[in-house]
Amino acid sequence: MKPRRMLLNTGTVLGCCSILLSLGVGASASTLSQRHAATSKSVIKNPYPSSLRGSFAFYSGGDTNVFSLWQNVLIPAFNHVYPHIHINYVPSEHGTNDVTTLDRVAVAVKDKVPSGYALLESATNAVEVAARNHLFIPVTLSNIPDSVNIPKSTMQVVKYDAVPYRGSKVVLAYNSSTVSNPPKTLAQLISWIEANPGKFAYCNPSGGGSGQYFVEDVLNQYLSASAINTLAFSQDTALESGWSTGMAQLHKLNSLVYGGGTYPTGNTQVLSLLESGAVQMATVWSDQSTAALRSGQLPSTTKLIDITPPFAGSPVYLGVPRYTPKNQVRLVDAFLNFILSVPQQAKVVKELAGFPAISVSVMTKAVKSAFSSLGEGESLPYDAAVTSDMERVWQQDVP
Amino acid sequence: MSMESVGTRVVALESATALSGPEAKKPSRHARRRFRAEGRRGGVASALAFLPLIFLAVFGGIPIILSLLLMLGHFGGPNSAVSQLGQGEIPGHGIGTLGAVTQLFENHAYQQDVIATVVVFMVSGVLVLAIAVTLTLWQRLRPSRAMATLQFLAVVPLFIPVVIASFTLWTFWGDRGFTNSAATMLGWSHALIFSGKLQGVVLAEVWVSLPFAVLLMRAGVSTLGDSSLDAARDAGAGLLTVALRIALPQLRRESIIVFCFTAVGVLGSFTVPYIVGPSSPLMLGVNAVNTFSDYNQPQQAAVIGFTIFALAGLIGAIYAIGTRSRHVRH
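Protein chains in written order, with numbering that gives the first Met the number 0: chain R, 0 to 398; chain F, 0 to 329.
Hints in this document: simulated from the structure, not taken from any laboratory.
A portion of the hints provided could be inaccurate.
Unchecked claim - Calculated cross-link-like contacts (lysine-lysine; reagent style DSBU-like; alpha-carbon spacing at most 35 Å):
id : chain 1 : residue 1 : chain 2 : residue 2
1  : R       : Lys183    : F       : Lys196
2  : R       : Lys346    : F       : Lys196
3  : R       : Lys183    : R       : Lys302
4  : R       : Lys158    : R       : Lys364
5  : R       : Lys44     : R       : Lys349
6  : R       : Lys349    : R       : Lys302
7  : F       : Lys196    : R       : Lys251
To be verified - Taking CB as the label site, the calculated pair distances span:
id : chain 1 : residue 1 : chain 2 : residue 2 : range
8  : F       : Arg144    : R       : Thr177    : 43 to 53 Å
9  : F       : Arg144    : R       : Gly115    : 36 to 46 Å
10 : R       : Lys111    : F       : His107    : 22 to 32 Å
11 : R       : Gln248    : F       : Arg251    : 46 to 56 Å
Glycine residues also receive a C-beta, built at the ideal position from the N, C-alpha and C atoms.
Okay, chain R solo, but in the shape it has when bound:
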């Protein structure tokens, strides 16, 4: 699983749609989005023949399960259809090279030369930061026709400069053998934490998205809907000052969480605390915990639920750096179009127990039923720069 922050396990595309639309995000649709949504769900002929040939480099920050997905599932499937396209896959464990790769791309774009990578995936929020700085080639329906099935809100988060290929959301996990009446709202959750000292854990928000989105949910209690919406798309230091009340509440919870203020480094450590019984409740990624339940790492008594307001989810994006040679861009677009097709998205769901990047409504019946228990609702995560600020402030104010 992705070890850190939002991108790491990542998030869903699904519920973003309804939430974003309800927040009025859709009203600010750009020209690109209009172009994108014009032929919603229509079948567009694949413009990429299987005779395409060439190669391109693909940088991928992630964890071993992500590497396995690419190397053992998606790339071989792609090569089966496009045998003359060679993908030079460059994995980076836990995204340790994300920032330096992002810097390399930034320099190349500034100098208007190819960066050497034709496709990027990051374990941190590097791809979102790059999209925010317009380092990527915009996604359109003409270059990636199957992106038509991606919820519009997911594309708006990155201003149509990157394309998601999978997602996940943060949910509440609890031990049903000891917790008979789990909280249904955030207020109830906080009351439960206060009533059960040391039995709840969330990870350091710098270390994993499951902790990050819990913190965001607490902070958002004291922000207006418009402020939350603004922080989802842009940095605003004035609005960020509204975090003080939420941070104070989190600081108050410090002595009531696991270990009297011990914050596990990442998502995986939270799961191990649940597994060992050290805590009875925690925020976890839906895909990571579902996979752990399947493998037996988590006991079957562990249940996953949504609360109100729901925690955020986030898609994992892929970006094509600007000034990538046109012949390579065509190959990459063929690849992206391929992995956004329904059969390949079903493989993503199966391999990572994650959400598909495209709407669940267009997925197979089996996939639809798999997501019915958790629902598609989720809050909007903060913008990449806002997330950096939030993590810094949390580090200063909470532990």
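Following the hints, position chain F against chain R.
The following block gives chain F in isolation, referenced to the frame of chain R:
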């Protein structure tokens, strides 16, 4: 080796000069070819001698200078890529600004981080030194199979990846780990939990650093002469007296090396404090990575880098002074 080659070349040139008088015979073609070949070899040797310097300059010196400029608020040139995406930057003009430095050092949390880092590397260094000296010296003065086994076990962590060891120790010292479970069984509940605490970082750092220290001390202890140790014993000195008054003074150089190497290693460590350590205070290595990657503040990360650099300089000074005084006494 390079000096040798240069010396050979000088001698060859002198020989050539000596033969170059008007009465001297013109050097043969064979001799001229030999001089040219030696000249080429000397050039290559000189170039090889410069390679480490070039390597240091490219991979050490230049990045340090760039980081210094970044810290002082110069965001142009090679720093433009990092600063283009960075947040919370404080630009400097002329010589630059120390705004980022004062911003961090006026921050109470950062002050705590610096203090925690110093305490952890000092305590870890002293503990590692004490354990390594005890294990090796005891075996030297009073050999036993048990102590030999302990020495062997102390080297085992060398073959276990730090990241694996860190996760294991985090679990071992955790709420449901072995230490706390054992303590709870003895009625001492929640007494031995070190995960997420600075004490846990110290213990883990000692565990990780011990193999190298034991190997180094073992080499030092093996050089102790039997005569002085036997003379002390013959004079009626006990084990402790022999160890403290005869053996340890002779191991001063090795002790300083072990302490300094351990301290520098702990100071720059990331994996152990990241996994085992608390969320606050943070060791500087973890704080630097968080600031650079998560808070996206490269300028402030450079300040933390230079703080680590300065602390490493202090340890280096201890090393230089400690080893020099020994040399002078000789």
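Handout entry: Violating hint indices (sorted, rising)
Key = 2, 9 and 10
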